Structure formats: structure tokens, C-alpha cells
Amino acid sequence: MLFLQLLVDGLQLGALYALMAVGFAMIFGSTRVFHYAHGTTYVIVGYLFYYLAERLHLPWWAAGAAAAAAGVVFGVLLDRWMYRPIQRDEGSFFTVFVASFGIAVVAENVIIILFGASFVSISTPLTRVSDIGGGIVVSYLGMFSVLAAALLFVFLNWFLDRTDVGVALRALSENPDLVRGFGLNPRKLSQYAFAIGSLLVAPAALVATCVTGLTPTAGHRVVLISIAASIIGGIGSLRGAGLGGLILGLAESLAVWKLSTGWSEAVAFIILFAFILARPSGLFGNRARV
Amino acid sequence: MVGYILNLLILISISGILAGSLNFIIGYAGIYSLAHAAFFGIAAYTGALIALHVSTSLLIAIPVAMAICAILSLVISLPSLRVRGEYFVVASLGLQMIAFTVFSEWTSVTGGLGGITGVPVATIFGFSLRSLGSMLAVSLACLALVTFAIFALVRTSFGRNLRAIRDNEVAAAAFGKNVALTKTLAVAISSALCAVAGVLYAFHVSFVNPESFTIDASVLVMAMIIIGGTGTVFGPILGALIIHLLPAGLTYLTFLPSRDLASLQQIIYGAAMVLLMIYRPSGLIGRANVKDTWSK
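Protein sequences appear in the order of chains A and B.
All letters in the first sequence, in the order written, are residues 16 to 305 by the numbering used here.
All letters in the second sequence, in the order written, are residues 180 to 475 by the numbering used here.
For the record, the hints were derived by calculation from the structure and aren't laboratory data.
Please note that the accuracy of each hint is not assured.
[To be verified] Listed next, with one range per pair, are the computed distances between beta-carbon atoms:
#	chain 1	residue 1	chain 2	residue 2	range
1	B	239	A	289	35 to 45 Å
2	B	360	A	192	31 to 41 Å
3	A	200	B	288	49 to 59 Å
4	A	99	B	426	26 to 36 Å
5	B	334	A	136	50 to 60 Å
6	A	173	B	350	39 to 49 Å
7	B	292	A	227	14 to 24 Å
8	A	274	B	390	22 to 32 Å
9	B	350	A	77	53 to 63 Å
10	A	279	B	288	14 to 24 Å
Model, not experiment: these values are computed from the prediction.
Idealized CB from N, CA, C, for every residue including glycine.
Modelling step: build the complete structure from the supplied sequences, incorporating the hints.
So, in C-alpha cells, the structure goes:
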């Protein structure tokens, strides 16, 4: 029975991880920017949601929408004001990484000054659990996260398959020079990638703020999970990143079955290592890319 | 006041060793590690445990800690350096997160969140380093030795191989260099040199707890070398100097709320990293020609 409960919990956690990871993979895949500040987007959305809903007592849907919008704006502005000037001078992968890391450090500490270093959470009736039969309990928020992940992935599939921008974004990840040759502007396209990538991480931040609470340093973990999931799924594959996130969530939850909770974080790391050792190209990765 | 300055100078020397050893892989080999604080911590715990249970001699604690750190570094470098640079960043970030878990959860050895207290005074050749002056002398000597070791290493054929790999990995491999082996060795050497700082730190502050070895400490060391200048001999030391004098300077600005000083410092480092990457990626005393150092 404990096993089934952990499986259900793992699915909910995995849905959140999948959202973070697909957002990261979207940005990394099409722009090759190692977006360490992806975790910062998550933290900003979470704290803004907390501020609007818990301190200003806005209705939760308005607070959530405003916070998600702020996350998208943050992602796009970073691309425009930070990554673009660096890449103009042929900035290497690591130059971009260091700058992104710097932004993460700045944002983390601004939040510590504004809200304090200890963790915050939102109390909502939605986290109350209900029995779905056989003594297995699920909260409304848990169902919401699975549903939100499923809906967003259907939308993303449609967007990448059917719209011009989506097709252009996929082309950008395959061959940026060819995209330029067709008269499309990679700079403009990268903004879409950042907008969508940041939008995907927003629901994960909103749910996690209610369920587990939020600390200013949560961003590092989000990045670790996102990159680990991208590597497990295969860099460049959005489906892979989603599946990788799901695997990590399930594994972390099921680990509690045998280990004490303090060690559950280590599980993601061990799975990542197993993949780097045995199959560095990941589940759906292109072997030639590695 | 003299005690305060001596203490600050000791910490700057220790940070100089840390920054120098990280610069060895970031600046010369192009390998980005976020786990430097983890190795620093492993060495500090090793030093503290040896001092409590075996011997207080630095000549025993430092070599043992160096060996342990070098061997542990293989755990992340062997699998992840076979593949692209991004993988090592991720693996080291993972190690840094897991190290904190181990430091705080493995209570029978590390003492949990409380850490290990009452580390005895260090000795060297039977002399006790009780006074701050003698500790400073030893720290400065270690800093000089580590800096010289790195200075000498990058001038050997091994150092040239490293820079070749940093500048163009494919070309280096085409010239018959064993890329994976060279990188793995570089990380092991860097971790071993970092261990010197860890042991000195454990003896100097006479207690170790997980708080000192979080990702924030890794950030700090990285900020030192990026501000000072990667791939230069004295850049890391200049960075260590700046980063330690900044908080000392900030405390004189009395209008700043003291509660937020630590965060303000981190904001300054973070902003410096961003601005330097946009306007001067080679750091304060790095080569002016950016493309030499940073383009792949």
C-alpha cells in the first residue's frame, strides 16, 4: 500500500519535474544557451505568487497568472539584455554560463533581503487530500499538476508541429545557419524559446510553493533536476526531457520506501551518473551529438 | 586590531589556495566545476578527524587529505569527462548538493549539522602553531607552494596539453593527445591542491560544520577567479584579496543594514560576474584579447 501511495506521489512530483525539464530543454535545445537562471525564473514566479496571494490577498488565479507572466518577462528580458550582448562577441558556452550563474546569485540574494532566507509557503484548502479508494490519497493540487503537465505538453506538441514559429524553432535547434539562410532571424526566434521555456516552469513553481514551500536557494535544485532530466532523456529531445523528469520524480518518491528522506535527493544524482556512465546520449538522444 | 588583520590575511591565503586550484582547471583546462566547496569540505573534515584521532601534524593531515580528495574527484571526473563539458558542470553541481547531504546526515562521522568542534592546534615538525603569526607564516608558505606548483605545472608539456584541449579539444585529440586522461588528471591535481586549503581552514577556525561548504562557497571561489582573471597566475590571488576586503570595507558603510550585508556581498559578486562576462570576459588582469582566452 505504501508502494502504491509513493507511486502516486512520484507521478505528481514527476509531472512538476517534467515541466521544469522541458522548459530548460526547450531553451537549451534551440538557443544553445546554458540557462542556469532557469531556476531563478522558478524562484521569482514562486515568490511573486506568494507575495500576491498571501500578503496582498489577491485571488489565487490572478496571483498565479501575474506571477507566470512575470516569469515569462524575466526570461525574455534576460535573453535580450544579457545573453544577446554576450553572444554578439562570439561568447563561448562558458561565458554565457558564468553570466547566467551570476544572475542567479544576484536574484537569490535580492529575494533573501526582501523575504528572508527561511522558507515560505501558501496555505490553501487545495492541498487537503482526498481518498481515491484503497487508502491512497491525492490532493487537488496533485491532480492539477499532472493535468497541467499533460495539457501543456499537448499544446507544445501542437505548437512545434503545426505553427510556423514552432517549425522554425525546431529548425533552429537542428541547423541555425540554414535558418538564417532562409531569411529568418534566430535572435527573434530565441525570444519565443525563452518565453515558452519560462512559461513551462511557472506551473511547477506555483504548485510547489503551495505543496512543499519555497526557499530562495531552490533554484539550484531546479537546474540540477532540469539538466539531469535533459541528459537522461537525451539532450535536444523535449519528449526525452519530459520522460526524464517523470523518471526522476518517481525515483525520488520511491526511494523513501527503502531509505530515510534525507537521502532522497541523492537518488536523482545516482540515476544521472548511471546514465552518464552507461548511455551519455540519453534515452532519445542523437548519438552523434555527444 | 592586529589579531583581526592577521586573521583576515590567513583567510585570504586559504582562499588564494582555493582560487588558485580552481583556476587550474577553469583557466587552463576549460573545465568548469561547481564542486570546489565540496572538496574543500571533504579536506576540512578529513583534517579535523585526523587531528582529533591520529596526529595534529600538518605533514600528516595535508598529504592524507590531498590523496582522499584526488581519489574522490575521480568519482565524478571518470564518467563525466569522457563526454562534453556541460556534463561535468552538471555532475559537479550534483556532487556539491550531495556533499552537503552527506556532511549533515552522516552524523556518526561528521557530527551532523553541529559539525566537529575542538580541533586541536596544528603542529609542524613538532612546533605548535598556537600564535596567529605562525599560522599566517604557514598559510602564506602553502599559498606560495601551491601557486608555484601551478605556475610550474602549466609550463610543462602537461600544461601545454591542457591549454590545447581548452582551446580546441578536437584538434588536441587529432594530435594524439589523450583528452579524457589529461582532463581527469587535471581535476585530480586541482582537488588535491584544494585539500591544502581545507586542512588549513579546519585547523585555523578549529571547528568544521556543513554551513561552510555549501554551493555559496563554490560561488565565492568561482567569483574570485572570474573577477581576478582566469588563466593567470596572480588573478586568483587578486580575486581572493578583493572578495575578502569587500565585506571588511562594507562594514564601514554604516548606513547599510548589517543584517543584509552577506546578501549584499553576494549581489555584488553576482553582478560583477554578469558585467565582466558582458564587457571583459578575461577578468581584471586577464589578457585583453578576449578571443585568445575564451573562444573555443
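Here's how the hints hold up against the structure:
1. B:239 - A:289: 35 to 45 Å: About 37 Å separates the Cβ atoms of residue 239 of chain B and residue 289 of chain A, which means 35 to 45 Å holds.
2. B:360 - A:192: 31 to 41 Å: holds, 34 Å
3. A:200 - B:288: 49 to 59 Å: Distance hint for residue 200 of chain A, residue 288 of chain B holds at roughly 57 Å.
4. A:99 - B:426: 26 to 36 Å: Check passed, 33 Å falls within 26 to 36 Å.
5. B:334 - A:136: 50 to 60 Å: holds, 55 Å
6. A:173 - B:350: 39 to 49 Å: Distance hint for residue 173 of chain A, residue 350 of chain B holds at roughly 44 Å.
7. B:292 - A:227: 14 to 24 Å: Holds: the Cβ-Cβ distance is about 20 Å, inside 14 to 24 Å.
8. A:274 - B:390: 22 to 32 Å: Holds: the Cβ-Cβ distance is about 24 Å, inside 22 to 32 Å.
9. B:350 - A:77: 53 to 63 Å: For residue 77 of chain A against residue 350 of chain B, whose Cβ atoms are near 56 Å apart, the range 53 to 63 Å holds.
10. A:279 - B:288: 14 to 24 Å: With Cβ atoms ~20 Å apart, the hint holds.
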